[in-house]
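Dock the two chains into a complex; use the hints.
As a plain string of letters, each chain reads:
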Amino acid sequence: MITDAAPIVTARIGSPQSWTLRSYLDQGGYDGLRKALTMDPGEVSEEVLTANLLGRGGAGFEAGKKWGMLRKADPVYLVINGDESEPCTFKDHMLMEEDPHQIIEGTLICAYAVGASQAFIYVRGEFALGLERMTAALNEAYAFGAVGRNILGSGFSIDVVVHPGAGAYICGEETALIESLEGKRGYPRDKPPWFPAAMGLYKAPTIVNNVETVSNLPWIVTNGGAAFAGLGVGRSAGTRLFSVSGHVKRPANYEVEMAKVTFRDLMYDPKLGGGIREDRELKAFVPGGVSAPWFGPDQLDMGLDQDAVGKAGSMLGSGSVVAMDDQTCMVRAAWRITRFFHRESCGQCTPCREGGGWLDKVMRRIELGQGRESDLDLLLDVCDNIAPGLGWPPQKTTICVLGPSIPSSIVSGIKMFRDEFLVHIKEGACPFGR
Amino acid sequence: MARLTAENLQRARQLIGLYPQSRSALIPMLHIAQEQDGWLTPDGMAHVAELLDIDPAEVYGTASFYDMFFTHPVGRYLVSVCTNLACLINGADELLEHAEARLGVAPGGTTADGEFTLEEVECIAFCGAAPCLAVNWRFFGNIGNDDFDRLVEDLVAGRLADDVPPHGTLNRVGRRVGLTAGAASSPPATHEDDATPEQARPS
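Chains as they are written, first to last, in the numbering used here: chain B, 9 to 442; chain E, 9 to 211.
Keep in mind the hints are simulated off the structure, nothing from the lab.
Where hints are given, some of them may not hold.
Claimed, not checked - Distance windows between CB atoms, simulated: (1) 241(B) with 123(E): 35 to 41 Å; (2) 198(B) with 116(E): 33 to 39 Å; (3) 47(B) with 117(E): 56 to 62 Å.
Unchecked claim - A few chain E positions that, by computed beta-carbon distances, are all more than 10 Å from chain B: (4) 75; (5) 130; (6) 183.
Unchecked claim - Partner residues are not named here, just some residues of chain B that face chain E (Cβ under 7 Å, in silico): (7) 191; (8) 254; (9) 259; (10) 336; (11) 437.
Here a beta-carbon is modelled for each residue, glycine too, at the ideal position from N, C-alpha and C.
If we strip away everything but chain E, and leave its shape as in the complex, we get (with noise of 0.2 Å):
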């Protein structure tokens, strides 16, 4: 809880590396210091603050513009239902309110284990499925009452592990090139990537 791990502090320099200006790397840090504790700590906010030179009122002012971040504590997946047009009239609110009664909350809710929190979003462009939703954005479509129930026992048995990571993972390949830590005003080197034609494969 709290602030950034060597790891992620290393990471952070990376991503500050990459801009003409600092503060650009402020939302991509953000992502990882909800990826490190599943939410935006305090500690974390001022963290980040701290290594672009803001103030922290600056951090939060910002992270609480985007419905992505959360400044409290949320459970370990996020179900993110749509009930936007292409979801409504194919049974999104129907949907929602059976994922309140089997999750047992409303919209803003998280379960008393901690495991999941219910939200209502909106379109969130996975309509040639609808009524679709998202957990951790993982997208899952054409949901039904069924299928949503198949999804939360899949999610609580850990056989979806693999396709949906906790809460705050977003973007799990990470930038390889051009990354030099902990010089901020210096553009991004390619280095050692000037690689021949013959040499590229496909990852």
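Bound conformation, chain B alone (with noise of 0.2 Å):
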């Protein structure tokens, strides 16, 4: 059941004009930097280690501790990620547009805290609206004096740009992402020893954070980092904003109480999704992005927590819940994925780019009824040689994630559908009709 929390990084979406700088004032805006200019940077880094704040962008990595590992030089640059691609997530998207101050105030907070020298917002570049808001929300900002020299009269200065991306899903990876804002081809780049808090953006130490995660910085300078960690459970501490589509009938963004708040709740709550259209049975559902595994309803009562979702095989990764409904072709649902993800790989590795293709024609053939019996095993071969062993979370053959990721639908599809799945080639055809 929904919890009684307020939510903290959705609180003004939906009031009037809440993207500009007036409405931003007049709902407590910029307090949370007014009150972080005042204190030590180390004790604003304190606040977010004590909030247990996860980062809200895929990976799940605690902020403070990110912060923590930053490398002593100069100049310190701070990276917010606004590069939302990870498909049927929808939540960046919306914070950018309807409260672009919020994650502006986020931004300098962060700054501050770990002593960044300048600070660069990469909005993904689809996302027009989005960037005309964080745009003129920036304009603003430094009119007020929220940005730019002596902020608020408390000696710390630093320059903010808000930067388009140009549509490529790699380059939400972060060190894809620098090479991206470095002017270049979405690349990921090797860790060792390309961690951005150690070489980063023009090789200097980085800091990169998503825009849910820095949303999050004010309520929590503002409220204490303990009022945070007391929402949620253990380290999925605070409320979380998911992203819900697919079938079910109120398809939104809804943020809620980590851990507490189920996946059930999230698809069937009359406050939340709201079941599924036409009072249908869900078959499964995508419980974290689609680079996560899928679960059955038999998960459906699991919390929306980090480590119990991580321990479950699957992960709650970008916070996107994707219901199925029982009319779903789960053949056609693993091969659109398995699609993107051909589609989206950079190319510099070898089993992802050729072997997402090599998956994306052979689920292709298999929709299209002309799959072979040999096929189920030839898609987990080739799974295997992108991800050995197949097991969650996945072996890496490559620089960065996404290769990893590609297997997760075709493997939860054949472990969960396999009769579906050999339906389409013993008829020859989609038994859905298409």
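In structure tokens form, the structure reads like this:
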């Protein structure tokens, strides 16, 4: 059931002209920054550590710990990742359009805590309105004195740049994003040695934080890290924004308390997803972006707990939950996800570039009724070459995690719906009529 | 078709001034070039290369990596239909078929009058309103076949001119602060914008 935790990052969304400075200031905007600037930067970091704020981009690494890993050097850069591209995730898109000042305030708090000399907010290129709202908000914030020189009279100064991407899923990966921000093709970098905190933008130590992650910072500074940590359970602290889509009656972004709220609540609560359309049965769901292995209805009562979901063989990932009803062709669903990864592979590593292409082709022929009996073994064999052992979390044969994400939907599909794959092959057609 | 106009040259130089290293301005500059001509012309890319003092092949090599950049002409309206998972299971393949029939082109094609280019795209993060599409990256959700036809009619009739600028125009809000055109090596200044809170006005 929904808990009574008040929303943190969506508190202002829905209020008139929520994206303007006037609206933001009327609702307590920039108070968190004002308070942070009276604190020692180390104290701000300490609050974030206490808060147990896990990164909201996909990897779920503790934000406070990430900041603590920064190599001591000058300059230090801060990059905010607004390149939201994990399929079926649409929360950062909303935050950038509806509450850009909250992102700017969070950026400034982070910049102050880590001693950054310049910050870049990388906005996915396709988000035209998001770019316009972020840019307008930044202009307002400069005029207000919250960005630039001597911020709010504190003596702290920093410039912020809103930077547009140009369409590439891989640029959501932090090292690819840095390459892109340097004006290059979005090729992920090898880690080590390219851990951004040690060697990031222009080889300088760099913090890369997600848009939703920094959106939590004004609240954490204002209310204290302990208050944030008091929400949720254990490491899965605070509230989190989930993008709920697919066959639910009320697809939308919902901010709920972590761990205490379950997948069932997200998809069935009348105030959240509202149940499956036409009251059909749920067949399976994506628990955290299409990189994540699927769950079946037997996992519905699991809490939205990062560690519990990880232990069960999947991930909360980017916070996107896709409900698929009993009329869904799982072969087509898995093929579509596979095709996506094939198209979006940057091409650097052979297992991903070539393996993705093979999997796309074989999935396509199964769905189109031209599959062979040996195809299921072939699929699993290619998957095993990309992510040896097919375990979770996947083994890597590639520079970044795009490659090892490709097998997720295929392996889930074959494991959970083997008969459905076989019917496609034996009947020479998709039983769902496409 | 061409090199950047005087006004866009000024904008490009201002962009360069925002970054510690000039090449970081490449992608934003390419957006300006694409806004000017509707696509990235060889001359436009060569001009960008000159301004950044890099080889034109570096510019082309970067541009060709990104889905939003076109190195060939496209229509005034780029219609991008999402067929990824959330849209797929809400009828996106059927919507794309309808769009092909209505516009008379396959994905990747441009109508004979040069008005529309149709493309099939991966998730555009508007899944709460699946199936969805974008026209010149302005988003439209819950699109049925009739909605699609109406949208096309509205675009042709110019009824959406305020909402949907021509292809290539991405961000219509210019940065107003820290612009030091031509001074690529100096950090951006914040000059006259030391406004007091009382002077702040929502835009």
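- Query: Holds or violated: is the Cβ of residue 191(B) closer than 7 Å to a Cβ in chain E?
  - Reply: OK, holds: residue 191(B) within 7 Å of chain E, min 3 Å.
- Item | residue 47(B) versus residue 117(E) beta-carbon gap, inside 56 to 62 Å or not | 58 Å, holds
- Item | Check on residue 183(E) being off the interface with chain B, judged by Cβ distance over 10 Å | 6 Å, violated
- C-beta pair residue 198(B), residue 116(E): status relative to the range 33 to 39 Å that was hinted: 34 Å, holds
- Is the distance from the Cβ of residue 241(B) to the Cβ of residue 123(E) consistent with 35 to 41 Å? 55 Å, violated
- Item | residue 130(E) and chain B, when compared Cβ to Cβ, separated by more than 10 Å | At roughly 5 Å from the nearest Cβ of chain B, residue 130(E) sits no farther out than 10 Å, so the non-interface label is violated.
- Message: Using the nearest Cβ pair, does residue 437(B) come within less than 7 Å of chain E?
- Response: Result: violated, 16 Å to nearest chain E Cβ.
- Status of the residue 254(B) interface restraint (C-beta, 7 Å, chain E): Result: holds, 6 Å to nearest chain E Cβ.
- Message: Does the closest beta carbon of chain E sit nearer than 7 Å to the beta carbon of residue 336(B)?
- Response: Where the cut-off is 7 Å and the nearest Cβ of chain E is about 6 Å from residue 336(B), the hint holds.
- Mind checking the CB of residue 259(B) against every CB in chain E and telling me if the closest is under 7 Å? 5 Å, holds
- Was residue 75(E) rightly flagged as not at the interface, with every chain B Cβ beyond 10 Å? Non-interface label fails for residue 75(E): nearest chain B Cβ at 3 Å, not farther than 10 Å.
Hint violations for this structure: numbers 1, 4, 5, 6, 11, all remaining hints satisfied.
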